[in-house]
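Visitor: Spelled out, the chains give:
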Amino acid sequence: MKPSANYRPLLFIVISLVLSACENADSTGGGSTNTTPVADAGPDQNVITLRQVQLDGSGSNDADNDSLNYAWSINGPTGSTAALNDATIVNPTFTPDLGGSYVLQLIVNDGKTDSTADTVIISVNAAPTANAGADQNVITLTEITLDGSNSNDPDNSPTPITYHWAIVSKPAVSNISLNNTSVAKPTFIPDVDGTYVLQLIVNDGRIDSTADTTTITSISDPLYSKQWHLKNNGQNAGIRGEDINVEAAWNTEIDTGTGTQKTKGAGVHVRLVDDGLEIAHEDLAANIATGQSYDYCGRDNDLANIPSRCAGHAHGTLVAGIVAARDFNGLGVRGSAPQASIAGFNLLFNFTAANALDAMIRDITTVAISSNSWGSQDHTGELSTALTPRMPAGWLNSLQTGTTTGRGGLGTIYTWAAGNGANRQLDIPDDIDNSNYDAFANNRYVIAVCATNDKGQQTIYSENGANLWVCAPSGGDPESTEQNITTTDRSGGISGSNTNNSRNDYTDKNYTNTFSGTSASTPLTAGVIALMLQTNPNLGWRDVRLILAQTARKNDPADADWKVTAGSPTYNVNHKYGFGVVDAAAAVSASRNWKNVGTERTFNSGVKTVNASIPDNNRIGVRDSIVINNSMSIEFIEITFSASHAYHGDLRVELISPSGTTSILAERHLCVYGCVGNYDSWVFGSARHLGENSAGTWTLKVSDEAGLDIGQFSSWGIKFYGH
Amino acid sequence: MTKLKSPLTKPTAMIAAVICLTALGTSAHSTPLANGKPASKSMTDKAQQNSWEAITWNNGKRDVTHWLNPEEYAEFHVPDSTTKQNTSAAAVRNTNSQQVKTHGMTTIWRAGPQQVKSILSKSPVDTTASRVSPVFHSSPHPDAPRMALPGNIIIRFQSNMTAESIDTWLTRQGLRKVRHLPGDGLTVIIKSEPGMATLNLVEQLSSQTIIDEISPNWWSEAHLR
Chain A
1 MKPSANYRPL
11 LFIVISLVLS
21 ACENADSTGG
31 GSTNTTPVAD
41 AGPDQNVITL
51 RQVQLDGSGS
61 NDADNDSLNY
71 AWSINGPTGS
81 TAALNDATIV
91 NPTFTPDLGG
101 SYVLQLIVND
111 GKTDSTADTV
121 IISVNAAPTA
131 NAGADQNVIT
141 LTEITLDGSN
151 SNDPDNSPTP
161 ITYHWAIVSK
171 PAVSNISLNN
181 TSVAKPTFIP
191 DVDGTYVLQL
201 IVNDGRIDST
211 ADTTTITSIS
221 DPLYSKQWHL
231 KNNGQNAGIR
241 GEDINVEAAW
251 NTEIDTGTGT
261 QKTKGAGVHV
271 RLVDDGLEIA
281 HEDLAANIAT
291 GQSYDYCGRD
301 NDLANIPSRC
311 AGHAHGTLVA
321 GIVAARDFNG
331 LGVRGSAPQA
341 SIAGFNLLFN
351 FTAANALDAM
361 IRDITTVAIS
371 SNSWGSQDHT
381 GELSTALTPR
391 MPAGWLNSLQ
401 TGTTTGRGGL
411 GTIYTWAAGN
421 GANRQLDIPD
431 DIDNSNYDAF
441 ANNRYVIAVC
451 ATNDKGQQTI
461 YSENGANLWV
471 CAPSGGDPES
481 TEQNITTTDR
491 SGGISGSNTN
501 NSRNDYTDKN
511 YTNTFSGTSA
521 STPLTAGVIA
531 LMLQTNPNLG
541 WRDVRLILAQ
551 TARKNDPADA
561 DWKVTAGSPT
571 YNVNHKYGFG
581 VVDAAAAVSA
591 SRNWKNVGTE
601 RTFNSGVKTV
611 NASIPDNNRI
621 GVRDSIVINN
631 SMSIEFIEIT
641 FSASHAYHGD
651 LRVELISPSG
661 TTSILAERHL
671 CVYGCVGNYD
681 SWVFGSARHL
691 GENSAGTWTL
701 KVSDEAGLDI
711 GQFSSWGIKF
721 YGH
Chain B
724 MTKLKSPLTK
734 PTAMIAAVIC
744 LTALGTSAHS
754 TPLANGKPAS
764 KSMTDKAQQN
774 SWEAITWNNG
784 KRDVTHWLNP
794 EEYAEFHVPD
804 STTKQNTSAA
814 AVRNTNSQQV
824 KTHGMTTIWR
834 AGPQQVKSIL
844 SKSPVDTTAS
854 RVSPVFHSSP
864 HPDAPRMALP
874 GNIIIRFQSN
884 MTAESIDTWL
894 TRQGLRKVRH
904 LPGDGLTVII
914 KSEPGMATLN
924 LVEQLSSQTI
934 IDEISPNWWS
944 EAHLR
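First to last, the protein sequences are chains A and B. Heads up: the first sequence begins at 1 in the numbering used here, then just goes up one per residue. Heads up: the second sequence begins at 724 in the numbering used here, then just goes up one per residue.
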């Protein structure tokens with residue numbers, strides 16, 4: 001039935017009311033209404049990258065208390081791959097991977113209808129990244145720069161990054177500090193060898209970066225720790241302290257007038273008379289005195305271009321490293337005077353008398369020290385020089401010239417290898433050589449240097465002698481564990497000591513651990529003298545000798561031969577060791593305020609004829625005395641001795657001073673070539689009466705301590721040098 | 724002139740001849756013995772068997788004796804002044820000499836006594852070639868240090884001489900000065916030919932009263948330590 005036209009307006013009103021009610025309430029089937037839920041995505045947050053962010057949709061609500069379903073969505077900065085761990089829970093999390101704004105939208109649903117979307121903005125600040133720079137290998141005492149400039153802040157906000165450096169670790173004895181801990185590129189000077197770890201943290205105004213570290217490995221001279229002769233820490237079974245005590249000397253500062261400098265030998269020139277010198281060696285080149293070497297083969301100053309016949313120069317290169325291998329260059333080894341200048345004279349490749357004379361005095365005015373690791377043939381027992389049974393004419397005059405005109409008249413100092421001919425390794429009853437049988441080593445112009453091993457005892461080869469002045473460390477018995485000397489070697493392993501076929505030597509063929517002999521002790525001492533002369537350039541050549549004697553260390557104190565001289569000051573003295581082992585620190589210290597001794601005085605007793613038979617095979621022997629009325633403080637004595645004997649090796653010769661100090665000038669020994677020649681005005685030297693007064697009765701005792709051969713004590717004389 | 728003396732013999736009770744490493748080509752401290760023991764008696768016998776000529780000369784103060792090795796001679800090389808390469812005397816190149824040792828600018832050769840005499844009798848053709856000299860020993864022992872005479876003489880004059888008076892004297896004597904050594908001017912090197920000519924000249928001059936000391940410019944084997 002159709003509604004009648006009369007009821008149509010009323011029906012319209014009813015329907016409109018019903019529809020209106022339906023707009024405000026969902027149909028529940030039950031006829032009740034549903035309220036639309038409200039989403040609340042939580043408060044905005046400021047966070048940093050890579051740290052988890054938790055969202056909070058718990059503020060969402062539904063007026064009907066219907067349970068809500070959550071629907072999160074994320075919209076991050078371009079490139080971000082950050083994702084919610086669960087987009088349907090009330091507190092999802094995500095980790096922003098990039099700086100920028102992340103907009104997260106939340107819609108809740110009460111099971112009937114979605115809420116209006118709500119959003120939260122997560123503002124992400126990118127964390128800065130510290131970069132402390134690459135690890136570095138550096139040279140000790142050389143300033144280095146750290147580099148944190150590759151640190152970064154991706155969003156460069158809120159402020160430019162700031163730097164915060166710190167020292168994490170350093171060698172125990174180091175005292176380093178950074179010049180500035182808050183700059184990108186601070187500097188510091190590694191003060192000792194070792195490992196330094198430094199840390200950098202940067203901050204972008206809001207947050208610190210993770211710390212980054214850089215490791216600095218600092219080394220001065222890679223093989224320095226092997227150079228027990230400079231610093232004996234007891235390495236390889238050596239005895240701690242049996243060295244030349246040079247580190248303290250190096251650290252002594254000298255006032256130059258315009259500043260200070262360490263005592264490294266700078267400005268002191270050392271001539272190495274040897275078989276040459278590799279002047280381009282990486283660890284020597286910096287100390288080579290240009291144009292001051294001499295080539296006796298090619299007869300010019302060009303050691304870089306020498307005749308192939310003379311191209312060996314292995315020994316001279318070994319010697320050179322001991323005195324003046326450059327320090328703190330990151331290479332090899334260190335010399336005892338690591339900044340002294342050196343030049344090489346390759347005399348030994350063209351060894352004539354005239355050349356030898358020349359090598360002692362050529363351009364001598366500029367030479368502070370002449371170091372000579374050569375001499376007469378060792379292991380013979382003969383009275384000899386390297387040239388003839390007699391020194392060449394003018395030999396001592398040339399040395400006198402050096403000591404009077406060298407170094408501006410203060411005197412060149414000659415160091416000389418005392419000799420390797422003791423032959424104690426042989427199964428024979430006596431040493432063969434005594435340094436006093438070598439006229440190169442026993443005269444007053446030279447400092448005869450003996451050798452001690454890494455335990456501070458006489459090496460198996462080092463010769464006794466009344467002429468010995470000081471000892472210095474060197475290699476020991478090759479049949480034992482005693483260490484040899486580490487020094488420079490011919491480069492490249494083609495020739496020299498450490499060749500490509502060498503075993504138990506360094507992989508770096510520019511260096512060797514095999515050097516030995518009084519050849520090594522001599523340049524070591526020359527280096528110490530260079531330190532002394534840098535400290536006090538006004539020292540005379542005799543002053544240098546006196547300082548070395550006064551400051552030498554009494555090594556091997558249990559040795560029975562040690563005696564104390566009778567004069568003033570007193571000295572410890574020993575036929576094996578002279579006045580002891582060179583002590584660089586003490587010598588440098590004593591040099592500083594040393595008052596030079598006065599003009600040298602001499603007194604010559606003249607030759608006294610004796611002509612007395614020497615009882616054969618009789619230790620009592622025969623004695624003769626000379627009374628000296630001249631009084632001086634003795635520095636050195638020459639004893640001229642003549643005896644005719646069929647085998648001079650049978651003779652023991654002793655000088656006894658007025659105070660009872662004895663110098664053993666010759667001992668019974670074997671002669672390899674038959675003891676050819678008599679003591680025909682042979683000149684012995686003695687250092688053992690240093691500081692004694694010359695006045696009084698001096699006695700020479702001569703005894704024949706073996707059978708068969710007989711002889712006669714012909715004459716003797718004594719000459720004093722002193723002040 | 725040189726004087727002939729008998730070869731020295733040695734007492735047998737104390738003999739302990741050992742082989743020494745002469746430092747020709749060796750370095751530093753070396754073990755001195757070939758086997759760590761004194762050498763055998765045979766080596767001593769060898770020395771005793773040598774009938775070497777003893778050459779005695781006077782150095783102005785006393786006689787000095789050396790022993791002449793008849794089977795060896797020394798060659799002194801002279802590097803070319805520009806290339807520094809060594810030249811060798813024809814007298815040496817054309818022989819069958821055996822090289823004993825060489826070190827630096829000197830080579831020791833061995834040959835028969837007659838051949839050695841022959842080589843030594845020939846003068847070098849020119850000054851750029853090597854020179855030769857007899858070989859001497861400081862003791863009558865085959866391993867004793869060798870010496871030779873490359874030429875030139877060293878004279879130390881008496882202290883009352885001056886450089887000028889020395890020059891005058893040298894001129895009067897017909898001697899050619901190589902140079903004065905630095906210092907007091909009293910030590911002078913004068914020219915002489917290699918070999919025995921040098922010793923002969925030394926012997927002639929040694930009795931001069933103005934000479935304090937005189938010696939040949941000996942070459943010797945070098946001994947590093």
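Rather than coming from a laboratory, the hints here were simulated on the basis of the structure. We put the beta carbon where it would ideally sit given N, CA and C, even for glycine. Wrong hints could be hidden among the right ones.
[Unchecked claim] Here are a few chain B residues that sit away from chain A, every Cβ distance over 10 Å (derived from the structure):
id : residue
1  : K784
2  : Q838
3  : L843
[To be verified] In silico SDA-like links for lysine to any residue, alpha-carbon gap of 20 Å or less:
id : chain 1 : residue 1 : chain 2 : residue 2
4  : B       : K784      : A       : S644
5  : A       : K595      : A       : T570
6  : A       : K509      : A       : S644
7  : B       : K784      : A       : N604
8  : B       : K784      : A       : G606
9  : B       : K784      : A       : S642
Visitor: None of the hints should be skipped; say for each whether it holds.
Guide: Verification of the supplied hints:
1. Remark: the non-interface label on K784(B) conflicts with the geometry, its nearest Cβ contact in chain A lying 8 Å away (cut-off 10 Å).
2. Look at Q838(B): its CB is around 24 Å from the nearest CB on chain A, clear of 10 Å, so calling it non-interface holds up.
3. Every CB of chain A is more than 10 Å from the CB of L843(B) (nearest about 19 Å), matching its label as outside the interface.
4. A threshold of 20 Å between alpha carbons decides the hint, and for K784(B) with S644(A) the separation of about 17 Å falls inside it, so the pair holds.
5. Only pairs whose Cα atoms come within 20 Å are accepted, and K595(A) paired with T570(A) is accepted, the gap being roughly 18 Å.
6. Distance hint between K509(A) and S644(A) is unfulfilled; the C-alpha atoms sit about 52 Å from each other, more than 20 Å.
7. For the given pair, K784(B) sits about 19 Å from N604(A) by alpha-carbon distance, which is consistent with the 20 Å threshold.
8. Straight-line distance between C-alpha atoms of K784(B) and G606(A) comes to about 16 Å, which keeps the hinted pair within the 20 Å bound.
9. Taking the CA atoms of K784(B) and S642(A), the gap is about 14 Å. The hint holds against a cut of 20 Å.
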